[in-house]
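*Asks:* Sequence:
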Amino acid sequence: MMGSSLLLAQFICLLLFHSHSQPTHSSSNISSSVQLCPGDQSLALLQFKNSFPMPSSPPTFPCYPPEKVLWKEGTDCCTWDGVTCNMKTGHVIGLDLGCSMLYGTLHSNSTLFSLHHLQKLDLSRNDFNRSVISSSFGRFLHLTHLNLNSSNFAGQVPPEISHLSRLVSLGLSSNSEELMLEPISFNKLAQNLTQLRELYLGGVNMSLVVPSSLMNLSSSLSSLQLWRCGLKGELPDNLFRRSNLQWLDLWSNEGLTGSFPKYNLSTALSHLDLSYTRISIHLEPDSISHLKSVEKMYLSGCNFVGSNLDLLGNLTQLIELGLAGNQFGGQIPFSLGKLKQLKYLHLGNNSFMGPIPDSLFKLTQLEWLDLSYNRLIGLIPFQISMLSNLTALLLSNNQLIGRIPSQISRLSSLIIVDLSHNLLNGTIPSSLFSMPSLHFLLLNNNLLYGQISPFLCNSLQYINLSFNKLYGQIPPSVFKLEHLRLLRLSSNDKLTGNISSVICELKFLEILDLSNNGFSGFIPQCLGNFSDGLLVLHLGGNNLHGNIPSIYSEGNDLRYLNFNGNQLNGVIPSAIINCVNLEFLDLGNNMIDDTFPSFLETLPKLKVVILRSNKLHGYLKGPTVEDSFSKLQIFDLSNNSLSGPLPTEYFNNFKAMMSIDQDMDYMRTKNVSTTYVFSVQLAWKGSKTVFPKIQIALTTLDLSCNKFTGKIPESLGKLKSLKQLNLSHNSLIGGIQPSLGNLTNLESLDLSSNLLAGRIPQELVALTFLQVLNLSYNQLEGPIPLGKQFNTFEKGSFEGNVGLCGFPLQVKCNKDEGQQPPPSNFEKEDSVFEEGFGWQAVAMGYGCGFVFGVSIGYVVFRARKAAWFVKMVEDIKKRESSSRLVPLLFIFCTSCVWLYKPSL
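Numbering (mature numbering (1 follows the signal peptide of the UniProt record, and there is no 0)) for the sequence shown: -21 to -1, 1 to 883.
No lab work stands behind these hints, which were simulated from the structure alone.
The reader is advised that the hints may include incorrect statements.
[Unchecked claim] Each pair of labels, with its calculated beta carbon distance range:
| hint | residue 1 | residue 2 | range |
| --- | --- | --- | --- |
| 1 | V790 | V559 | 33 to 43 Å |
| 2 | V790 | Y428 | 56 to 66 Å |
| 3 | G689 | S638 | 20 to 30 Å |
| 4 | P32 | V559 | 19 to 29 Å |
| 5 | V284 | P433 | 45 to 55 Å |
| 6 | P454 | R109 | 39 to 49 Å |
| 7 | S155 | G234 | 19 to 29 Å |
A quick note: this is a predicted structure, and the numbers were derived from the prediction, not measured.
Think of the CB as a built atom: it goes at the ideal place given N, C-alpha and C, for glycine as much as any other residue.
Put together the whole structure using the sequences plus the hints.
*Replies:* In C-alpha cells, the structure reads:
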C-alpha cells in the first residue's frame, strides 16, 4: 500500500474501535443532605484513587477526552462522579472509572477489593502499566458487570474470574496483546458463568484454546467478541446457529477455519465480523434469507467460494458493509444500490473493474465510501454530489481519468478526500481548498497541473499534492493552517521560489516534504527547532544554498533528514546530536567542506548515513562511544577526499550489518497518526538508482572515490548481511581478504582502481548471489578462480591486472599455475540456469571524474554490438547531464554497467 492510505489509519482505527468496544454506562449520582456512604467505603475509594498519582508526563489513553477523577474528601461518596450506591444501605454497588486517567500498577492489596458489595465495575480505557489482573477480583461475588477493556493489563487471566457466577457482562479486551487466557481458565469460565450474555476478549491471547470449546459458553450469550485472539483450528458451524447470538466478532484470527453455514443461521444476528479469518463463505439465497436482521457485516480478507454478490442487495437493514481485501472482480454489483440504510461501504483492495456505477449514488445515507485499490476506469461522476452525508471519499489506486469534478466541494461534511494514484488531469478545483470540514486532501501521483490555489479551509491537517505537474509558488495561506500535520509537495519539478520562514509557525507539523522541485534560496534556520513533533524533513533535489540549519532543539523527534542534491556548503552542524531519534541522514551531493562528523556516532538509532559527493576530508578517527553505529545499514561516504586507513574499528561496531535480516518490510516512521516510507538514492551496482522504498534487509557500504590507504581489514568479513561493497578508486594495498568470502549475501563487489596485489582468493567463489564483480585496474596476479558466479563474469571484471591469467581473459595460465580450462558453452548455460541468472553483468566501477574512454580500448566487442554501445553511452551522457541531483562528473568514467544476453 502507498503512504496515502496509511495516513488514514487513525480514522479507520477509530471506526473499528467503536465496532469492537463494549459500551459503557454512566453511573447515577445521589444527591442527599444525609450521607449514605459508609465511612470505610469512602476511605477505600479515596485510597484507591490516590494510589494512582498523575505522572508528570501522562501516557496517551485509549479514549477521548480522558477525565481525571475529582473526589472531594469529607463529602458523601454517593455523590461522587462514577459512584453508585444502594439507596437503602448506602453501600457502593457501582463504580464507573472508565477513561479516568488512572496510570500505574493495580496491586492485589488495593483497597478497591474491600468494596465487597460492588455489582458493576468499569475500569476500562485506563493504563495499569502491564499489571497482572489480580486474583482478588474473584472476591466480588455480587458482580454482574466487569469491564477491564483496553487498560493495559498483562500476564494470565486468573482462574478466579470464574468465581463471579453472577456475571452478565465480562470485558477483558486488550490492545497490548500481552494478556493470555489459558485453556483451563477458559473452560472454568465457560462452565461457571452460566448467566453470561456479553463476553469481550478481543486481543487476548487464546492461541491454546480449542475453538470447539466456544460451544460450552452460556446459551444466553448475545455478544461475543474474540477479535485478534490467535484462535486456530476449525470453528463449529453451530456457533452461527445460536438463537440468542446478536453480535459475533472473530476479526483477525488468521488460523481460524471452518465454514459459514448455508442454512439455519441465527436470525438474531445484527453484527457479524469474520474479516481476516480462513472461514469459507458461500453466499446463497438461503443463507442470505437468514441474515435479514444484520446491520453490520464485515467480511474483508475472507475465503469466499463462488458467492453471488448480487444477493447482498437483499440485506436491506445493512448499515455497514466491509468486503475489502478479497478477490472480487467484474463490475461493482448494481444491487448494492438497494441498501438504502447503508452508511459505510468498503470495497477496497479487490479487482473490481469498469466505471463507478450510478446505483451507488442512490445511497443517500452513505458517510464512508472506499473503492480504493481496484481497477476502476472512467471519470469520477459528478453525481457524487448526491451523497450529501459523505465524510470520506476514498478512490485511490485506480485508473480514473479526467478532471476532478468541482461538485465534490458541495459535500460540506467531507473529512477525507483521497483521489491519489490515478490518471486525473486538469487543474485542481479551487473550491476543494475551501471545504469547511476537510482534514485530508490527498491528490498525489496524478497528472494534475496548474498553480496551487489559496487555502481557505483552516481544518486541513494532511495535504499531499506530490508527483503531479504543479508549478508556481507555495501560496502563503498554507502557512496559516495551524492544525497542519503533513505537507507533501514533492516531485512537481516546477514549484519554485523561496521557502518562507513563516513555515515555522506550523507548530504541529510532523512531515514536511518539498523535495525534487525548483525551490531556491536559503533553508530557514528555524526548521531545526520549530516543532518538537517533526518526524520528516525532506528538502532534497532543489536549488537551495547556504548553510545547513544549525539549531536542533533537545527533545525533538526527527527521524528522517534529507538535504541531498542541493548546493549547501559550510559544515555539518554538531547540534544534530540532539536528534536522538534520527534514523536517516542524507546530506549527499552538496558542497559541504568538513571533516567526517564523528559526533554522529552518539545517535543510537541511525540506520542510514549518506554524505557522498561533498568535500569531506581528513581521517576517520576511531569510535569514542560504545556500540556506535550499531544499527547502521547504509553507509555512503563516496566521492569525497577522505584519507588514511579504512575505519576498522567502526566496522567492528556495525552490528546490524553482521546479522542477516530477511525482513521484507520497509523503513518508515511509526508514529501513531502519520506514516512516511523512507526513500533514498544510491549508486547501486554501478548505476544511479532511486529506491522509493528502502527494504529493511538492504545493506550497503560505499567508501569509493576517496584517498583511503592501507590494507582491506579482515573485519569486513563479519558484515554478513552486506549486499553491496564498494571500495573502488582509492589507494588500498595488500591482498584481497579471503574473509570477504563470508559475505554470502553480497550482490555487488567493486574493488577496482586500487593497488591491490596477490591472487584472487578462491573463497570468493562461495558468493553465489554475486551479480556484479569489478577487480579491474589493480596489481592482481595468478589464475582467476572458476566455478559458480565466476563462470558468468566477463573480462571487464578483471582487466588492467597484467599478472592475471585464465578465463575469461585471453591470457592463458602456465600449467604450474593450475587453472582449469574454461567451461564449455553447455556448462556455462547450465551454471547460469543453476544460479538463476539469465543476464551477465560486467561492472567497471562508477563515477570519479571525466575519465571517459580510459578503459574502453580494453573491451573487445563484436562488430554487431558497436552501434548499441555508442547509443548506450550517448544515452547515459544525455541522462546524466540533465539531472539536477548528480554532478556532471558522474557521466561515465570507469563507471558504466552494461547488461546483455549471452549468445545462444
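*Asks:* Each of the hints needs a verdict: does it hold here or not?
*Replies:* Results for each hint:
no.: 1; hint: V790 x V559: 33 to 43 Å; verdict: violated (56 Å)
no.: 2; hint: V790 x Y428: 56 to 66 Å; verdict: holds (59 Å)
no.: 3; hint: G689 x S638: 20 to 30 Å; verdict: holds (27 Å)
no.: 4; hint: P32 x V559: 19 to 29 Å; verdict: holds (28 Å)
no.: 5; hint: V284 x P433: 45 to 55 Å; verdict: holds (53 Å)
no.: 6; hint: P454 x R109: 39 to 49 Å; verdict: holds (48 Å)
no.: 7; hint: S155 x G234: 19 to 29 Å; verdict: holds (20 Å)
Checked against the numbered hints given earlier, the structure breaks only hint 1 and satisfies all the rest.
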